Structures are given as C-alpha cells and as structure tokens.
Amino acid sequence: MKKNTVLRVIRIALATMITATTVTVNVRAMDGEVFENIENDQEDVNTNEEVYNESVEEAMEAETAAEESVEEAVEITAETIEAIAEGNEEAGIEAADVTDGGAVAQESVEAFVEAVESLPVEENLNEAVAELNEVTEELVKVDEADRAADESAEETVAYVAEAKEVANSIVETVAETKEQANGLIDIISSEDADAEQVSEAMDKLDQITEDAKENVETKKAAFEALCDKFEVAKRQLEGAQKVYDETVKHLKSDDSNVNKAAQKLEAAKKNVEVLSEACDNAKEDFEKEQAAVEDILAKKEISDKNKDWKTQDKLMESIISGYIIPNFIDKDATNIKYTEMLRGFDRQNSSYTVVTYLDKDNNTVKRYFNIDRTDRQFKENDQWYRLGSSREIVVYEKPEEDITSSVYQKNHFGNFSVTNQFKADVNSGKYDVYSFDYADGTNEFKCIDELEAGVESGEIEFVDGVYYMNGTAARKIVQTTSGNAKGIRISTKDDAGLKAFIENASKLVEKYEKYGEIIADTQDKVEEASDKVEALKDAIDNIEENRVRISADLVADLRDYLSEEDMTRVLNAGSTQKAVQILESILAGAKEDLDNAAAELDELIEKRDEIKESLSVSEEIVLVENAAEEAVETVVASEVVEAVANTEAVANTEVPAVAAIPVVADNNVENNIEGRRYETETVAEEVIAENPVEVVLATLAEIFENTVAPVATAITAQSNTANENVSENTVRVTAGEAAGEAQQITEEANIAPVDMLGQILGAKRYNKYNKEFEEFTNKLVGLENSEAAFAGIGATKNIKALAEMDTESGIKINWLWLLIIAILLITEKKIRDERQKKAQELKAA
Numbered sequence: 001m002k003k004n005t006v007l008r009v010i011r012i013a014l015a016t017m018i019t020a021t022t023v024t025v026n027v028r029a030m031d032g033e034v035f036e037n038i039e040n041d042q043e044d045v046n047t048n049e050e051v052y053n054e055s056v057e058e059a060m061e062a063e064t065a066a067e068e069s070v071e072e073a074v075e076i077t078a079e080t081i082e083a084i085a086e087g088n089e090e091a092g093i094e095a096a097d098v099t100d101g102g103a104v105a106q107e108s109v110e111a112f113v114e115a116v117e118s119l120p121v122e123e124n125l126n127e128a129v130a131e132l133n134e135v136t137e138e139l140v141k142v143d144e145a146d147r148a149a150d151e152s153a154e155e156t157v158a159y160v161a162e163a164k165e166v167a168n169s170i171v172e173t174v175a176e177t178k179e180q181a182n183g184l185i186d187i188i189s190s191e192d193a194d195a196e197q198v199s200e201a202m203d204k205l206d207q208i209t210e211d212a213k214e215n216v217e218t219k220k221a222a223f224e225a226l227c228d229k230f231e232v233a234k235r236q237l238e239g240a241q242k243v244y245d246e247t248v249k250h251l252k253s254d255d256s257n258v259n260k261a262a263q264k265l266e267a268a269k270k271n272v273e274v275l276s277e278a279c280d281n282a283k284e285d286f287e288k289e290q291a292a293v294e295d296i297l298a299k300k301e302i303s304d305k306n307k308d309w310k311t312q313d314k315l316m317e318s319i320i321s322g323y324i325i326p327n328f329i330d331k332d333a334t335n336i337k338y339t340e341m342l343r344g345f346d347r348q349n350s351s352y353t354v355v356t357y358l359d360k361d362n363n364t365v366k367r368y369f370n371i372d373r374t375d376r377q378f379k380e381n382d383q384w385y386r387l388g389s390s391r392e393i394v395v396y397e398k399p400e401e402d403i404t405s406s407v408y409q410k411n412h413f414g415n416f417s418v419t420n421q422f423k424a425d426v427n428s429g430k431y432d433v434y435s436f437d438y439a440d441g442t443n444e445f446k447c448i449d450e451l452e453a454g455v456e457s458g459e460i461e462f463v464d465g466v467y468y469m470n471g472t473a474a475r476k477i478v479q480t481t482s483g484n485a486k487g488i489r490i491s492t493k494d495d496a497g498l499k500a501f502i503e504n505a506s507k508l509v510e511k512y513e514k515y516g517e518i519i520a521d522t523q524d525k526v527e528e529a530s531d532k533v534e535a536l537k538d539a540i541d542n543i544e545e546n547r548v549r550i551s552a553d554l555v556a557d558l559r560d561y562l563s564e565e566d567m568t569r570v571l572n573a574g575s576t577q578k579a580v581q582i583l584e585s586i587l588a589g590a591k592e593d594l595d596n597a598a599a600e601l602d603e604l605i606e607k608r609d610e611i612k613e614s615l616s617v618s619e620e621i622v623l624v625e626n627a628a629e630e631a632v633e634t635v636v637a638s639e640v641v642e643a644v645a646n647t648e649a650v651a652n653t654e655v656p657a658v659a660a661i662p663v664v665a666d667n668n669v670e671n672n673i674e675g676r677r678y679e680t681e682t683v684a685e686e687v688i689a690e691n692p693v694e695v696v697l698a699t700l701a702e703i704f705e706n707t708v709a710p711v712a713t714a715i716t717a718q719s720n721t722a723n724e725n726v727s728e729n730t731v732r733v734t735a736g737e738a739a740g741e742a743q744q745i746t747e748e749a750n751i752a753p754v755d756m757l758g759q760i761l762g763a764k765r766y767n768k769y770n771k772e773f774e775e776f777t778n779k780l781v782g783l784e785n786s787e788a789a790f791a792g793i794g795a796t797k798n799i800k801a802l803a804e805m806d807t808e809s810g811i812k813i814n815w816l817w818l819l820i821i822a823i824l825l826i827t828e829k830k831i832r833d834e835r836q837k838k839a840q841e842l843k844a845a
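Position 588, counted from 1, in the sequence shown is what the working numbering calls 588; the numbers after and before it change by one each time, with no gaps.
A hint or two may mislead.
[Said to hold, decoys possible] Straight line, CA to CA, 27 Å or less: simulated DSS-like cross-link-like pairs of lysine-lysine:
hint, residue 1, residue 2
1, K410, K423
2, K249, K607
3, K305, K331
4, K288, K493
5, K476, K366
6, K307, K379
7, K314, K299
8, K242, K252
9, K578, K612
10, K337, K486
11, K307, K612
12, K337, K379
13, K331, K499
14, K288, K299
15, K410, K430
16, K229, K260
17, K591, K578
18, K379, K360
19, K220, K141
20, K310, K337
21, K337, K410
22, K337, K499
23, K314, K360
24, K252, K578
25, K607, K220
26, K476, K486
27, K612, K204
28, K310, K366
29, K314, K607
30, K331, K493
31, K379, K493
32, K314, K499
Think of the hints as simulated: they come from the structure by calculation, not from any bench.
Just so you know, these numbers come straight off a predicted model, no measurement behind them.
Work out the full structure: start from the sequences and follow the hints.
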C-alpha cells in the first residue's frame, strides 16, 4: 500500500511532464487538421463548376458569327470586284470595258465600270471587321470580368460560411472547456478530495485549458485568414464588377464598336446596291440592244427570203429603230414610228419614209430615211440605171431639203406617171429644182423653167452657168442616194459597226448577266453579315447590367449558419454591393462571437492560474505528507534512478564521487538555485558502501547540496560572499541574484493567498493542512530550527558523515525527508523544462 502510494506520486509527476511534451504535438495535429479543412474548402470553392452569364455567352457567339460572316463578305467582295475589273478566265468572266456595247448601253456601262473601280465596298467591310475585332476584345473582357466576379462572389459566400463555421467551433470549444473546467474546479474545491485527486484535477484543468487555448488560437488564425481572403475576394468582386459594368455600358453606347461596325456594313450594303443597280442598268441596255438585234435578224431573214422592196423597207425600219436612232441620233428616243415609203416627184431618188419619235424631253422629232440595194450602180444623168437586186440594203438618211424640194417640184410640175419619156425628161434636167440660200438662213426654191423665165425678164441673171437672184447664187438640188449620202449610211452587207453590234449584243447580255450573278451573291453575303451584326447588337443589348451575383444557390451554403431573416436579407439585397455588405455584417457578428468566446477562455485561464497559484504550496504539502508516511520501502522514480548508477551493476565497484559540497561560510551559492543547470566534475573516488542504499543517499545528498540546501542557506545568508571556490565544478552567480531567487521561492512556498485557499479548499480543510504542515516540518527535520539543519547538511561533504551526524551539532537528519524532496524537485524541474520547451516551440510557431 505504501509502495503504491509513492508510485502514484511519481506517476503524477511523470504525467505532468508527458502532458507538457505532448501539448505541442496535439496543437500541431489540431492545427494541421483545421488548415487542411480550410485548404479543402478552398479547393472546393475553386473547383466548383464555372458559373457564367448566358447572355454574355450568347453575345460572344453572336460576335463570332458576325465576324465570320463579314469576313466571308470581304472575301467574296474582293473576288467579285477582281473578276469584274480584271476578269476571271477560270470562271468564264470577261473584264468589263467602257467600250462594251453600243450607244444605248454606253453610258450605263461607263457608270458600272466606274462603280466597280471606285466604290469602297471591300474597304467598308474591312473596317467593319476591325470594329468587330474590338467588340471581340470587349466581350472577352466582359466574359472574364463576369466569370471573375461570379467566382469572387462565390468565394465571398464560401469564406463567410467557413469563417462562421470556425467561429461556431470556437464557441463550442470554449463552452465545452468551461463545462469540463467547472467540474474539475468542483473537485479541487471539494473537502473530500485527497491530494492525488486534487493534483489529477489540476493537471487535467491545465491540459484542457491549454488545449482549448491552442485550439482557439489556431482556429482564430484560421478565422482571420478567412477574413483576409474574404476581403481579397470582395475587392476582386468589386474590381471585376466595375470592369464588367463599364465595358457593357460602352458596348451598348451609341459610340460602341458594334454600332460602328453596323454603320460600315450599312455603307457596304448601299455601295453594293449601287454596283448592282449599275450592272442592272447596263444589262438592261444590252438587253434592249439584244432585242433590236433579234428584231433586225428576224426582219433580215424575211427580207432575204422575199427579196422585195416591201420586206426590205421593214428591215430598214428595224435597223433605224434598233441601231441607227439609239446609236447615232438619240439613245433616249422612245415611241418610234414610221410612215410607209413615200414617193417623191421622180418616184425614185426622191422617195423617202418619215420617222418620228419622242426625245428625252418628250418632244416629237421627225427624220427621213430611204434605202438602196447594195448592188445598185450609179450613172450620171440616169437615175434608173441598174437599181440592183441584192438581199442586202443600204439605209441612209435624207435631209429635209430633199423632201421639201420634191414637194415643190410636185406642186410646180404636177404628178407624172413614170414613163420612159418622164424618165428621159428627168434625166435631161427638164424638172430640175434650185434653191437660193439667203444669209438670214432662209431659202427659196425655183424650178429650171422659172429660172429661165427670170433671165428673160431680167429678174434673174445667168453668169457662167450660174443663176443669180438678188445677188444670191442658185444651188441645184440633187436628191441624196446611197451613192452620195453624206450623213448616216448603214449597209447590212459590210458595215463594221452594225456587224459588231449584232454579234456582241447577245454576248454582252450574257457577260453582264454573270456580273449580275456574282454581284447578287456578294449582296447576299453583305446582307447576311449586316443581319448578323444586328443580331450581335441585340445580343449585347440583352447583356444584364448591374448583375446580382449572390444567388440563392450560393446563399444556400450559409443555411446552417444564418437565420432565415439573414438569408432573406441577402437574397433581397437587390445588388451585389448590398449583399456583400450584409455578408460583412454576418462576418462581423461571427467575429464578435469568436472574440467573446476567446475572452471567456482567457477569464477561465486566469481563474485557473489563480487556483494553481493558491494550490502550489498546499498541494505540495499534501503530496509530501502522503509520501512521508509510506515511502520508506518504495522504489525511487525512474527519473531519480536515471541520475544514479544501476545499484545491482555497481555493487562493490568504484564510481565517481559526488561533487564537493560548497562550504557556506567561504563560498558563494549563487548558481545552486533550482532551475539552473550545474556541472559535475570528478574530484575523487570513493568506494561504495556495502549497502547500495548509500549510493542513492549520496546522490540525494548531491541533489540536496545543489538544489535544496542553497535555498535555505541563501535565505539566511543573502549577503555572504565566498573567498574562493572549494572545487573546480562550482559555478558562480552574484549573491544578489541568489538572494532574489531565494526570496521568490520563499514567497511562493510560504505566502499563499489565504482567502483564495480558503475559498478553494474550504475553511476546514485549509486549517487542517495549515496545522499539519507545521507538524510535518518538525517531524521531518527533527527540531524546529530547520535553518540550522540546512546549514549542517550544507557543510557536510561526505554522505557517511552526513548519515552519522550526531546531535552534537544540534541536527537530526531524516532521510525520508531527503528522498521525498528529491523526487518532488526532480519532477518539478522536469515539468518546468518541458513547459519552457513548449513555450519556445509555440513562440517559434
């Protein structure tokens, strides 16, 4: 029973040391667990499925489609312009030329070629592409800012949730610690608790409060880290939201790049429309020419078949309408009409057809034409010489003078039938007609008989074969024929212009039809690109502004930590900024809860320290009392055994003697205070006594010499100084330091707060321990003057002398006292060392 009691005392001391060494490990383990969880939570935040704004995504897709469409339009436009301007042999397209077609199409062809060369369709489209590239960059910026803002919003919620969880954990930890501590304090305060129970309760109180403190500090650091991360996420959210809002605002502005792109597309559309209209106009003119050619060819076929003047007259009309008037007279002429062939006075050269049409000013214009066959031959003074029989004809225009002079002849001579005599008279000049052309632009016709009569009357003069009237010479009227035509003369046989006109009309129509086709394709692409840009504008208009990013899904993470009222506040915030402000208030509340819990723990630790300070002397007395009663036959604790040699192994062997004991009268005891390290140097050898217990006692004497005795000696001899060291292993400190430390130890051992002890131990138990302490001291030392006992022991250098010390010196040594004190001192020193180590580790961490 006594042996078990001593072992329990030793186990208490060892348990204290073990606790001191394991606290740091436990703290580290807890620390790692907490931060590991935080890292895992952070990983969860970062690896969540990406949240994005669908409207931004749709706008980006619309931009891609628009840009691709415009680029296609650029490509096809470039190909079209190149094909028209330079030709594309592979595609069977000839280059446009201002000389294409006849007079009808000339102006429209020139306008078309100019449009091809000058209209900046391709330039418009390239500028649109450049603007869309800017839109792309802006949408990418919006998308990145949108995603960053969503992620930051998610992080703010996650960090608040984690911080709230950490704060709740701290509150729970402190509450549990307080509950356990109150139970332990009840044990410590109980009168029925023995010393061992009090010690165990005190140790456990130390452990749970220190563990709680480390737990709280670690989690508090984690909480602060989460708060810092929340602030970072909040700033990132604000920054990303600002970029998002500003960029979206610019995208929707009148001066936006997408609007500029749309304007460029609109300009390109108009330019392509102009090009298309120019091509259509030219093609229409070519189609008119083609229609004229087709009519000419049709009439020519009939004329060739019949070979009569009537069908040849119809061929003449077709040539006049489709080729002569448009190409040589008036290309804008409309409503062309013909009269039948009219016979003049001679019924041959004076014959004609009247052509009327409306000019561009809607005025009626009259022209006169006649035809000859291409094989007609001419002979002077014979209008009817070989008139010809060919299929080909010559169309020529007759001046108005031919018509009016013939009419004058008819009016003057009358109508004659075409007989041989008539032909002979005509050929002889009998019916000739002259014109007097006056300076004022007027003229006057006179037939030959009138001129001759005038010569006879003297009214007209005839000089050198020329008739003069009033000084104006007469001019003989000669009817225009294909042989002497000085104006328009078109032969269906060999006229190069007519031949080219007939041959090229169909080809030019086909040529411009191809132009029209590729221009139409270009126009379709430009229209499509324009539509895509308009769709992009609509998509951009649909991008949400001032987007609220803290959604119900995100706030759901806080359901376990927020009240329904707070949840509603966050969800109804109306803006991201207000929602974040509410989250900040939640975080502030969590911090307040954490700080309150930490303060409660600090109060508990302060109370624990007060209890520990009050119990330090009383508990040691109780432990020593129990140990003194039962420790005679006990086994020394393992820490004591480690300080000496194995008793079985060293029996009857020589071992180094203990260090010399300094003499109080002559030596300084400055470095012998408890807690300071000391060195032992071998100065002599002693033969161990037959009883191994003496070895233990020798070691205890050394401990006593270096730990206990100097304390008491320092109390009574604070001012003493040593002349010189007795042995080489004595380490010096100042007497003042020794006196100060001794005084501190004395106060800790003898001056306990009476009120606190009475409160904790109970008045009855306190009085009992106070009385028993005095009796125990007398019992251990053997006399009331313990200072003399310390002095006597300190002056003894040999363990046998110490053991055999008689009463002459007035000292009675109690070896049990030495044993118990040694055990307690070793244990206490170990505890202090480990606590210092723990404090250093925590400080370093």
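Each hint tested on the structure:
no.	hint	verdict
1	K410 <-> K423	holds, 15 Å
2	K249 <-> K607	violated, 62 Å
3	K305 <-> K331	violated, 31 Å
4	K288 <-> K493	holds, 23 Å
5	K476 <-> K366	holds, 24 Å
6	K307 <-> K379	holds, 24 Å
7	K314 <-> K299	holds, 7 Å
8	K242 <-> K252	holds, 15 Å
9	K578 <-> K612	violated, 51 Å
10	K337 <-> K486	holds, 24 Å
11	K307 <-> K612	violated, 147 Å
12	K337 <-> K379	violated, 34 Å
13	K331 <-> K499	holds, 19 Å
14	K288 <-> K299	holds, 16 Å
15	K410 <-> K430	holds, 13 Å
16	K229 <-> K260	violated, 42 Å
17	K591 <-> K578	holds, 20 Å
18	K379 <-> K360	violated, 42 Å
19	K220 <-> K141	violated, 38 Å
20	K310 <-> K337	holds, 17 Å
21	K337 <-> K410	holds, 25 Å
22	K337 <-> K499	holds, 24 Å
23	K314 <-> K360	holds, 25 Å
24	K252 <-> K578	holds, 25 Å
25	K607 <-> K220	holds, 22 Å
26	K476 <-> K486	holds, 16 Å
27	K612 <-> K204	holds, 12 Å
28	K310 <-> K366	holds, 22 Å
29	K314 <-> K607	violated, 134 Å
30	K331 <-> K493	holds, 24 Å
31	K379 <-> K493	holds, 22 Å
32	K314 <-> K499	holds, 18 Å
Checked against the numbered hints given earlier, the structure breaks hints 2, 3, 9, 11, 12, 16, 18, 19 and 29 and satisfies all the rest.
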